[in-house]
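Sequences and hints are given; from them, build the entire structure.
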Amino acid sequence: MGELATEKHVRYILSVEKRKDNFESVVMEHLRMSGAYWGLTALDLLGKLDTVDVDEAISWLLSCQHESGGFGGNVGHDPHILYTLSAVQVLALFDKMDVIDVDKVTNYIVNLQNEDGSFSGDMWGEVDTRFSYIAICCLSILHRLDKINVEKAVKYIISCKNMDGGFGCTPGGESHAGQIFCCVGALAITGSLDLVDKDLLGWWLCERQVKSGGLNGRPEKLPDVCYSWWVLSSLTMIDRVHWISKEKLIKFIIDCQDTENGGISDRPDDAVDIFHTFFGVAGLSLLEYPGVKPIDPAYALPVDVVNRIFFTK
Amino acid sequence: MESRSVEGEEEQRRVPLRERPEWSDVTPLPQNDGPNPVVPIQYTQDFAEVMDYFRAVYFADERSPRALALTAEAIQFNSGNYTVWHFRRLLLESLKVDLHTELKFVELMAAGNSKNYQMWHHRRWVAEKLGPEARNDELEFTKKILSIDAKHYHAWSHRQWVLQVLGGWEDELEYCSELLEEDIFNNSAWNQRYFVISRSPFFGGLTAMRESEVLYAIKAIIAHPENESSWRYLRGLYKGETTAWVNDPQVSSVCLKILKTKSNYLFALGTMLDLICFGYQPSEEMRDAIHALKTADMDKQDFDDARGEQNLNIARNICSILEHVDPIRTNYWIWRKSRLPLSA
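Going line by line, the protein sequences match chains H and Z. Everything in the first sequence is counted per full-length UniProt numbering, starting at 1 for the first residue and increasing by one. Everything in the second sequence is counted per full-length UniProt numbering, starting at 1 for the first residue and increasing by one.
Quick caveat, the hints were computed from the structure, so don't treat them as lab data. Don't take each hint at face value.
[Stated by the list, open to error] One side only, chain Z facing chain H, incomplete, derived with CB under 8 Å: (1) Gly80; (2) Lys115; (3) Tyr117; (4) His152; (5) Trp156; (6) Phe185; (7) Arg199; (8) Ser200; (9) Phe202; (10) Arg232.
All values derive from a computational prediction rather than experimental measurement. The C-beta atom is built at its ideal place from N, Cα and C for all residues, glycine as well.
Structural data, given as structure tokens:
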């Protein structure tokens, strides 16, 4: 088996931030905040966060914040809960939470909770269990989980549970590994994992591993490196990760590397991008790959960062 | 429609905004995010220009037809930009645009790339405004997308919303059957089928639908015993009624039938294990069928040859077989074995 081309991935990640001249930069423009989170977290997991100019990153990040407290995906973009979490996660990585008005960000998120406990993504009202996770994760990092109705939030998530043990985006929606991560993550953070049918869900999740060793997100779909994160983190949170073949999954992720120019793709021989590079590295982290720092499966941040948030103040 | 290239003009014939007379009074507003390198690709130059003009009208809050046309151009370059979609909705309201034409616009955008959250959210906003009269349009729209990608998550999600808010449940079970006929492995269609039988106001709920649906699932299982979806559907039909599931001879019969074929029996064997764990008493015929699956490379330690013994032995043997024939999940089956009750 090949090895993780750490140096090349670091160079690739650093180059993505600088590049503004290709297709990827065009489609990334509106979600640059998430791009920053993926890139910076991957760098930290690889032990290279110190290669980044912190002040430059923070000043750009702050220029994306709105009066409402929410963050946009880039300068001049409307605020959205997605990018608000990414911004808070980046601040956590840099241990710079003191540069924002925590109560203001909290208010922005609190106002997005609906009567039934669900969360909208922004003022336009799109509802999805992704936003439940984001709200809960973000407020937990900010030590403000008590500002929302957690009981109702949990109840809504449970209403999205399916007969296969998985979760969908809204009640009745098909189980999907990405949504499962969000729901299980939110339940883990709120201490509600007893509401998950762990054995049933664990079996569904381990059925996601296909012959090549990779994981898919739904039955009969192609494997994709990003599910190394969504499936694996969920299995880790419900303590069932040993049910899959770790060796085969590691091999699949390693096979998705561009060993020449760095970066990781969705499947072997496809084009790399920052999203899959992060999820590949994060997956390897959960698989305890040597040289990669451990990541917290619920907060999607390095374990030492999560420890700093919760055990130092 | 509003925008030039929406009409299908070639990319290279696109007239830059700075050369269009109707935009001569607007000063484009460049993105202020540090030094921009010279962009060598035409595509990104055009995109950058559109966004510079967009920022200008957005910050001036210009509610005009040309602003609406500009959002269409910006969306064509990047349909994931939610700020552009937001502004477009404000414009649609301010200009009192006929929302039927907006449905057509979304359709055109979906033809390019239908996998972005913003577009679907926009579509729902339009449909919600139009109300029940949009029902058929929405059902047809999702049907069209699903005919290209039958597992399209956004399309299914939108369709479920349409059914619940605008109605149209009447033909949905038939639609699920059609899709499953095309591809019996389509988990999305199975999920929709479950959604319909458990939530449609036209059926009496899960229990009332069980009898006919069990037959449907069993037929699908026999045709393709390796289909994860049909097995899970069958199990789901007994949600919250494990005893009914254990005692229904149809369930054990289909397992036996598959096990006897000695091929594609993983789910049948897994189901048998679950049944035994919940108190099912396997018949002599079932025991023989399981015993016959013992593989040559399983030694005495793996497989308990004591025939006619306790159910625990059978459950153990099932786990041993699965450890061998489902190697990628060996650890799962070992765990199942370790968790077997002392007297299954």
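The hints, checked one at a time:
no. : hint   : result
1   : Gly80  : holds (6 Å)
2   : Lys115 : violated (12 Å)
3   : Tyr117 : holds (7 Å)
4   : His152 : violated (11 Å)
5   : Trp156 : holds (6 Å)
6   : Phe185 : holds (5 Å)
7   : Arg199 : holds (6 Å)
8   : Ser200 : violated (11 Å)
9   : Phe202 : violated (16 Å)
10  : Arg232 : holds (5 Å)
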